[in-house]
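Student: Chain H is fixed; fit chain U with the ligands onto it per the hints.
The listed protein sequences derive, respectively, from chains H and U.
Here the working numbering is used: position 147 in the first sequence is 147, and no number is missing along the way.
Here the working numbering is used: position 263 in the second sequence is 263, and no number is missing along the way.
Just so you know, these hints were derived from the structure itself, not from any lab.
Warning: the hint list may mix true and false statements.
Straight-line distance between alpha carbons at most 27 Å, and here's what the computed BS3-like set of lysine-lysine pairs gives [as the list claims (entries may be wrong)]:
(1) K286/H <-> K304/H
(2) K85/H <-> K15/H
(3) K337/H <-> K241/U
(4) K152/H <-> K230/U
(5) K152/H <-> K24/U
Below are the chains, spelled out letter by letter.
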Amino acid sequence: MERETILSVRDLDVKFSLRGRKLNALRGVSLDLYKGESLAIVGESGSGKSVFVKTFMGLLDANGWIDGGSITYKGEDLTKYTTEKQWLGIRGKEIAMVLQDPMTSLNPLKTIGAQIIEAIELHQNLHGEAARKEMLSVLTDVGITEPERRAKQYPHEFSGGMRQRVVIAIAVACRPQVLICDEPTTALDVTIQAQILHLIRDLKEKYNLTTVYITHDLGVVANVADRIAVMYAGDIVEIGLCEEVFYEPKHPYTWALLSSLPQLGVKGEPLYSIHGTPPNLFYEVKGDAFAPRNPQALKIDFVKRPPYFDVSPTHKARTWLLDPRAPKIDPPEAVRKLATEGVKGYA
Amino acid sequence: MPENENREVLLSVRDMSVCFGKGKRIFKAVNNVSFDIFKGETFGLVGESGSGKTTIGRAIIRINPTTSGDVIFKGQKINGKISKELDRRVTREIQMIFQDPMASLNERAKVDYIVSEGLYSGERISEEERKRRVEKALQEVGLLPEFASRFPHEFSGGQRQRIGVARALIMQPDFIIADEPISALDVSIRAQVLNLLSELQKERGLTYLFISHDLSVMRFICDRIAVIHKGVLVELAETEKLFAHPLHPYTRALLSAIPLPDPVREKNKVLEVYDPTQHDYSVDKPSWVEIEEGHMVWGNEKELNRYRDMLKA
Ligand SMILES: Nc1ncnc2c1ncn2[C@@H]1O[C@H](COP(=O)(O)OP(=O)(O)OP(=O)(O)O)[C@@H](O)[C@H]1O
Ligand SMILES: Nc1ncnc2c1ncn2[C@@H]1O[C@H](COP(=O)(O)OP(=O)(O)OP(=O)(O)O)[C@@H](O)[C@H]1O
Ligand SMILES: [Mg+2]
Ligand SMILES: [Mg+2]
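Only chain U is shown next, with the shape it has when bound in the complex:
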């Protein structure tokens, strides 16, 4: 979808930083990131472990406070101090599927309660209605309704992850931050969950921020992908553009490392290694530049010139 100017922006992140710790031990986990997510799209975020992906998600849903910058949702600023009413709206309309299914599920609660927990804070519904919704949500993610009376530890890793998905879906949000929602799933259930997410997207016009390490899956479902390295966005482009013309050396290393489910090719592939010391930013400072329409990259003048040549070639 190339005509980005005409598309409605649902979420806009502007120069956002998130820091942990204080004083001397301060650590900038997310460093001045900016991106827009359009209504109805699937926006992918990929990057090294510890690069700040989850922190970005958690900052958007207001779990982690932002240090600077703005988060604008449907035209309203939602980070920092906001009204109770807006807070409640954000809590309902933005849902996050958490990365670690074991840590994010209350071990002592039954699945029935875990899945419907969010409903207790919203409009009052009857017990029957609640049960019905739980059953529906469980079915949507491919779990048997009778699982409702079990505890999380009685499930396999993949089953637990689907409980997390059901828990988000039951709230009928507009915007879902899916943090590694499929990493522990087998390929077929993963296909089910992905199909479900894209079906819901078509039906309800849902928007996703999809965080994952699995670039094969991201290539399949994301409209656009942003690549993050140590808290800094290094590249952002439409999915196929990114795969066809990766510019930043970290993006190139990532793409070259994707495991291919094809033993002959996989066992013979050539890896590109990323060496962060290759950038000399001492004088010529880097910035976040739109190098061609809709294609952003992080680099200094010298690098950008090289990237422009790469695009021409």
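If we strip away everything but chain H, and leave its shape as in the complex, we get:
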């Protein structure tokens, strides 16, 4: 199946400078994002998920820079952008972002309505009464009742879940092509989380959005993702269809990640957790970055960085285990259990 690529990243390197030392936050990341798909990015904390998506919008912190590679969006290489003016053509308009903490994205001093109207004026070139009408319709879109009254309120008068809806409303009001959600529902309880995920899915259908989710909640991933990218130490180590990554994972880090799920643990016994700490990104990483924490690592894992091996036309992983010459190593028990029995539902 040929799919249209909307955003294409090649060999992206990002570095940060910290008191004279260089931190390698992204180490040669490549990704094709397909139009209309829903991609989930999962992975170790500090592996570069947020930094990665920030590069699409020119939002790296001042001490960080792109050190190599390309990000192609609609024929333009975003890594060549130098001015804020260029980025304003992308931000919001083409690619919009919803962050974990809605409070940081909202202005506490302006009413909800005013903030949405601002986005509409800027991106849809509607003004006055037309902009106001559109604002009310967007609020209704995201499931806020009594939009007339609500529009006049300030962010602190909204609950966490409602604020997150507003942030989504603002993002969608810009009519972007790509919507990036970085931990969009971590602060919300599961019933509201379910509503918000539903809402994003509806908006995705309605506006043919491409969505990228970053989340640590593998349950949410199972719910929303068409495809999953697994990041470790500044690189995507495995990518595939949702079912492929959950039921036939190939990279030892993905195995470890799934094994740590509390749903697969035994109460009263320690949960599986990965030994050691992630690599210090101030140093050059040699071989497979996960090798020092992988008890079954091969010799070559410490020497040479693995290339991607194809598992299926839609699934690939950067691990020497997939080399035809590698010994056969089975995934851990918990991972096999997930594939054969799944996890139990509730109530």
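Tutor: Using the frame of chain H, we list chain U with the ligands on its own:
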């Protein structure tokens, strides 16, 4: 652990209410809640965003004043006016891991200071000893010792959250209120932090009040779970009992919405929706009732009868 009567109660909250604002604009964030936490257990508190969970935690550690009711810690009342000495003891023995790691960490201080801040107000210790404890606390939460000289904004979300955990652990408290201590963590580090918390519990007999949205994690680590909705406790039971026989419709909605890390099941699950208008409390008033041993639920006579039937079925 069924024999609750024989267990030592560490913290007892009785008919506690917490209000914000004054006069006409008064808002009751926590409404007459009562529960006991036993020594050495992990007590979970779950509920909607804005339902009053953090407020309960903050009322216990005396940040938010209580409007009415009692908070009894180790047999002594600790809310309202108390002696300086008791206040100091409470400050040391009860630690809170705060929910929002970004807002709770002083942005201009280095991690070294942030983690050991609490130590400055207690017994005097040497600079070497302080450094040693910081290093140990950082290692316990899986951070490199060299992180001590960095600032909070130089960390990822998950790393910052662990700084908050280290900051509580360094005080060696008896009772920890952990407010969403794991929400921004990836599953593996979350497993590490959870294992660490339960190890410390075994070693030091620690007691936890664990506040979270993540019911999968709570099922794994909590002995008992209380469910709160708009400032009112609606159900409390031993964890497995709650998962096996949820009674209150809000509890049922919560459990049905838990995301399952299993795409086939998750994409086909059926949600139960909670409609708060289903309760008719105009005449038949609700109360907080022990419906079976150790299982509390909020409901009126009519509802309680229905719940009793559900338990029999
Ligand atoms: N402004 C900065 N200065 C220095 N280092 C930074 C900066 N921002 C991020 N980093 C580092 O870059 C790496 C990637 O960070 P990023 O925020 O992308 O992680 P993440 O995968 O989103 O983690 P989490 O799941 O915890 O949010 C981390 O090692 C982090 O410490
Ligand atoms: N200082 C304050 N002044 C006024 N209202 C407050 C204050 N602190 C909390 N509230 C209100 O009290 C209610 C309970 O808030 P609380 O922070 O305890 O909720 P929570 O259950 O912890 O929610 P979350 O899951 O989103 O953290 C909310 O409606 C909140 O807006
Ligand atoms: Mg992040
Ligand atoms: Mg809270």
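Student: Would you mind confirming whether the straight-line C-alpha gap from K286/H to K304/H stays at or under 27 Å?
Tutor: 7 Å, holds
Student: For the pair supplied as a hint, K85/H and K15/H, is the alpha-carbon distance within the 27 Å limit?
Tutor: 23 Å, holds
Student: Starting from K152/H, check that the Cα of K24/U is at most 27 Å away, please.
Tutor: 21 Å, holds
Student: Hey, K337/H versus K241/U, does the alpha-carbon distance stay inside 27 Å?
Tutor: 25 Å, holds
Student: For the pair supplied as a hint, K152/H and K230/U, confirm whether the alpha-carbon distance does not exceed 27 Å.
Tutor: Between K152/H and K230/U the Cα gap is close to 24 Å, so the pair holds against 27 Å.
Checked against the numbered hints above, the structure breaks none of them.
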